[in-house]
Amino acid sequence: MKRLSVKTITITGILSCLSFLGMLIQIPFWMSPILQFDFSEAFCLLGTFAFGPVAGILIVAIKNLLHYFFISPEPIGHVANFVAMSSFCVITYAVFKPFSKNKNYLIWLGVALLVGVISRTLIMIPTNVVTVKLYGYDLNKSGELIYYIAPIFNLILGTMSSIITIPLFAFYRNYIVAKEE
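Going by our numbering, the first residue of the sequence shown is number 7, and it counts up by one from there.
If you're looking for bench data, these hints aren't it; they were derived computationally from the structure. The model shown is predicted, which means the values in this text are computed figures rather than measured ones. There's no promise every hint is true.
[To be verified] Derived CB-CB ranges, DEER-like:
#1 Gln42 with Val136: 17 to 23 Å
#2 Asn110 with Tyr141: 40 to 46 Å
#3 Pro39 with Tyr153: 33 to 39 Å
#4 Ile31 with Gly149: 39 to 45 Å
#5 Phe105 with Ile20: 35 to 41 Å
#6 Thr16 with Tyr141: 33 to 39 Å
#7 Ile172 with Leu140: 30 to 36 Å
#8 Leu128 with Gln42: 18 to 24 Å
#9 Pro34 with Tyr153: 18 to 24 Å
By construction, the Cβ of each residue, glycine as well, lies at the ideal position given by its N, Cα and C atoms.
The whole structure should be built from the sequences, with the hints applied where relevant.
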């Protein structure tokens with residue numbers, strides 16, 4: 007088992023904190039105010055690219071736990087966010103990793119993020135069905151939210167997160183690629 011350095015743990019903690027702070031800036035989605043845009047996902051993705059998918063999932067878990075304990079003690083939304091963001095991080099990393107040292111890395115990063123956004127959106131449809139049942143809502147009345155509004159939300163949120171992540175990754179790329187060696 008590979009030992010984690012103090013630097014890796016520290017940076018993961020910093021990215022978790024930044025991700026939590028990014029969750030505090032919430033913009034309601036115009037089609038359904040229960041859905042909120044926030045700026046936390048870029049830090050989760052950056053941590054994933056820097057230290058791997060386990061670190062990315064850890065950042066997602068920490069930011070959701072912090073938000074749960076300090077802002078909103080409502081577990082179902084946090085679980086849905088964890089599923090969405092964890093799948094986004096893992097799939098994007100798996101697609102991008104073989105091309106991370108390629109000279110056209112930004113193109114491959116864009117492709118990986120696109121695959122991640124689409125995968126996240128598809129994974130969230132059954133997750134939202136379960137979430138709606140956990141909230142006790144009628145599935146028949148929530149069909150528009152599950153099959154129309156939430157997928158559009160996930161596509162837009164994933165795209166916004168990707169647009170924020172690309173310049174962050176480009177700026178920190180030398181550090182991230184050096185960490186992989």
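Assuming the hint says 30 to 36 Å, is it satisfied by the Cβ distance from Ile172 to Leu140 or not? Holds, at about 34 Å.
Determine whether the Cβ-Cβ distance between Thr16 and Tyr141 falls within the hinted range of 33 to 39 Å. About 38 Å separates the Cβ atoms of Thr16 and Tyr141, which means 33 to 39 Å holds.
Given the hint of 17 to 23 Å, check if Gln42 and Val136 actually sit that far apart at their C-beta atoms. Holds: the Cβ-Cβ distance is about 20 Å, inside 17 to 23 Å.
Does the Cβ distance between Pro34 and Tyr153 fall inside 18 to 24 Å? Check passed, 21 Å falls within 18 to 24 Å.
Pro39 versus Tyr153 beta-carbon gap, inside 33 to 39 Å or not: violated (19 Å)
With respect to the beta-carbon atoms only, verify the hint that Phe105 and Ile20 lie 35 to 41 Å apart. violated (27 Å)
For the range 39 to 45 Å, tell me whether the beta carbons of Ile31 and Gly149 fit it or not. Since the Cβ atoms of Ile31 and Gly149 sit about 31 Å apart, the hinted range of 39 to 45 Å is violated.
For the range 40 to 46 Å, tell me whether the beta carbons of Asn110 and Tyr141 fit it or not. holds (44 Å)
Given the range 18 to 24 Å, decide if the beta-carbon distance of Leu128 to Gln42 lies inside it. holds (21 Å)
Hint compliance for this structure: hints 3, 4, 5 are not met, and every other hint is.
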